[in-house]
Every structure is written in structure tokens, then in C-alpha cells.
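*Asks:* If you want the building blocks of each chain, they are given just below.
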Amino acid sequence: MSEEYADEAPLVRPYALTGGRTRAIGSDFPIEAVIETTLAGRAGKGELAHESKAIVELCVSPTTLIEISSKLTVPIGVVRVLIGDLAEGGQVRVHHGEQGSSRPDVSLLERVLDGIRAL
Amino acid sequence: MASVLSEVTGEVVPLAVKIVVAGGFSVGKTTFVKSISEIAPVTTEAPMTMASVGVDDRALTPGKTTTTVAMDFGRIALAEDLLLYLFGTPGQDRFWFMWDDLVRGAIGAVVLLDTRRIEDCFPAIDWFESRGVPFVVAINRFDGKLPHDTNEVREALGIPEHVPIIETDAREKEEVKMALVSLVGHCLAVA
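Top line first, the protein sequences correspond to chains H and R. Residue 24 is where the first sequence starts when you use this note's numbering, and the numbers rise one by one after that. Residue 195 is where the second sequence starts when you use this note's numbering, and the numbers rise one by one after that.
To be clear, the hints were calculated from the coordinates, so they are not data collected in a lab. These figures come from a predicted structure and were not determined experimentally. Glycine included, every Cβ here is placed at the ideal spot set by N, Cα and C. Treat the hints with care, since some could be wrong.
What the hints assert, rightly or not - Computed far set for chain R versus chain H, every beta-carbon distance over 12 Å:
id: 1; residue: Ala271
id: 2; residue: Asp320
id: 3; residue: Asn345
id: 4; residue: Glu361
What the hints assert, rightly or not - Derived Cβ-Cβ restraints for the label pairs, each shown as a range:
id: 5; chain 1: R; residue 1: Gly352; chain 2: H; residue 2: Gly42; range: 31 to 37 Å
id: 6; chain 1: R; residue 1: Arg348; chain 2: H; residue 2: Ala63; range: 21 to 27 Å
id: 7; chain 1: R; residue 1: Asn345; chain 2: H; residue 2: Pro37; range: 46 to 52 Å
id: 8; chain 1: R; residue 1: Gly379; chain 2: H; residue 2: Thr96; range: 35 to 41 Å
id: 9; chain 1: H; residue 1: Ala63; chain 2: R; residue 2: Phe316; range: 48 to 54 Å
id: 10; chain 1: R; residue 1: Pro317; chain 2: H; residue 2: Leu62; range: 46 to 52 Å
Based on the sequences and whatever the hints tell you, model everything.
*Replies:* Okay, structure coming up:
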């Protein structure tokens, strides 16, 4: 590999942040899931690794997975694993409505339709 | 629906929903998202290099100098506790692996169509049909011209009567809004 390419390569492989794991227990939530830091998470953030600490700090104001990934410039899959760990540790809560992986129900669709019409 | 409040700040924790904007290469997906989003669409657009010439067909779109190489998204607050995200699908075939993640739990999809290159949206339509994702087809009027009528387009696409085919102008907020209204209305009709 030439010097030129070596300069462009990331210093750390993305999934090194997760110990090589690409899945975490309970981390199968959608990219628009809203992540919220808990009181316990805010109190204990000093013990967290750099990226997890950044997530806990950012999500004091509830933030979606996709925006966390975008703001911290960490790939979505990596953020998902880190959030899975934080959620298991009680440091964050993950909100994604009742619909899970199925489509939004009629009452939610009606709210969305009214909201778009009012734009 | 009772609002959830943040444990730390007492702020409302919003619910977020999403709509996917699909279609062929350089059909106007990013423009469509940009026209209605409250935030500048977050995009990783990089100038195409010589390496992508021949991979991405630029023959019909010579004015286009950048292309979306990762997903881009926009956001609209529909209410204090309800956010709508719009996701533009990656334009090139080599990003198909991201589609499952984009579409899971989505309200539905707007398939943007350029009538000069109808066949470009076949893969997206096949994909949504095979997974039961509700969609509408929105013909993007480039330069105000619409060379085909919607019946011809329906025939060319081979999609059933109940799937709406509408006209849009991805540059105009009101037109984008009407395309989204059409999609959500269709989703309600098939729900």
C-alpha cells in the first residue's frame, strides 16, 4: 500500500469500537428509533468509552439513530451495537413506537397525513 | 397518544416515522427531499471520479457532476411529538444491501420516475412489490415537459390500477407535499 492510500484509511476499523460485534442483544431497532439518555446514563457517563460517552451526551436531547450516526460520523451498524449495550446497561432508552418492524397503524397514518397537509 | 417525556430534560420524546424516496440514478431524489426538509439534507455526495464513469450511466445527464454515494435524509416536524424522515435510496445498484434497513417499518415509498428512462425505476418497483411496501409513482417533470401520459407510464410499468401515478416537480415544495399526501392517502386506503 502506498503512502497516499495509507493516509486515507481510517485509523481504527469501525467495528473495533464494538469488539468486532456487528449485532448486540436488543439492538434490532429501526434507523428512525429515538434514543434518550437516562438519569443513570448521564450520571455514569464518565466511565464510558469515547463513542458511547458521545452518544449519552448527545441523547440528553432525544435523538434518532440516523442522526446520531450522522452527527458522530460513526456507521449506523456500529452506533446500533453501542446503543444496544447502553440500553442494556440502563444508560439510554430506545423508543420506536408500537409498530416495531410492521407499518404504522391507521391512527398514526392519519396524524401523518394531517401533519403533511398542514405544512 | 400519551407523550413520553425525557427523564433528564422533561422534553417530549418524539415518535419518528419515515418515507422512502426511490428511483433511478439522478432522477431528483435529493432535490425532492431538499424541497420539503427542515434541515439541509444530510448527504454524503462526493464528486464522481473517473472510476465511476462507465459504472454510473451519465450519458443522459451530462450536467450532473456529483452523485449520492450513501443514503441521504431530510426531516420534518409534523407535531411536537411526531417527526417525519425522508430517506433517499442510494442511487446505484451496489448499495442495495442498505434497502432493508431503510424500508423496515416505513410508511411507504415514493418512486420518482424520469420518463426518458422509465426502466431505471423497475428494480425499485420490483423490490417494493415483492416486499408488500405500499408506493406511489411520481413522474418528475424535468423542464416542465411531460413526454408521456400517465396511462402510457402505467402500461410500461405494468402496475395495477389502484397504485397512484402522479406528476410532481421535485423542486417545488407544494408539489412534493402533494406527492407525500398521495402516498399516505394510498397507504391508508390499503391499510
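*Asks:* Each hint: holds or not?
*Replies:* Checked hints:
With a least beta-carbon separation of about 8 Å from chain H, Ala271 of chain R fails to lie farther than 12 Å from that chain, contradicting its non-interface assignment. Listed as outside the interface, Asp320 of chain R is consistent with that label: its C-beta sits roughly 19 Å from the nearest C-beta of chain H, beyond the 12 Å cut-off. For Asn345 of chain R, the non-interface assignment is confirmed: its Cβ lies about 27 Å from the closest Cβ of chain H, beyond the 12 Å cut-off. With 12 Å as the threshold on Cβ separation, the claim that Glu361 of chain R sits away from chain H holds: the shortest Cβ distance comes to roughly 18 Å.
Between Gly352 of chain R and Gly42 of chain H the CB atoms are about 48 Å apart, so this pair departs from the stated range of 31 to 37 Å. With their beta carbons about 56 Å apart, Arg348 of chain R and Ala63 of chain H fall outside the hinted range of 21 to 27 Å. Distance hint check: the CB atoms of Asn345 of chain R and Pro37 of chain H are about 48 Å apart, consistent with the given range 46 to 52 Å. Roughly 37 Å separates the CB atoms of Gly379 of chain R and Thr96 of chain H, a value that falls within the hinted 35 to 41 Å.
For the pair Ala63 of chain H and Phe316 of chain R, the beta carbons lie near 50 Å from each other, so the given range of 48 to 54 Å is met. Under the hint 46 to 52 Å, the C-beta atoms of Pro317 of chain R and Leu62 of chain H, about 47 Å apart, fit the expected range.
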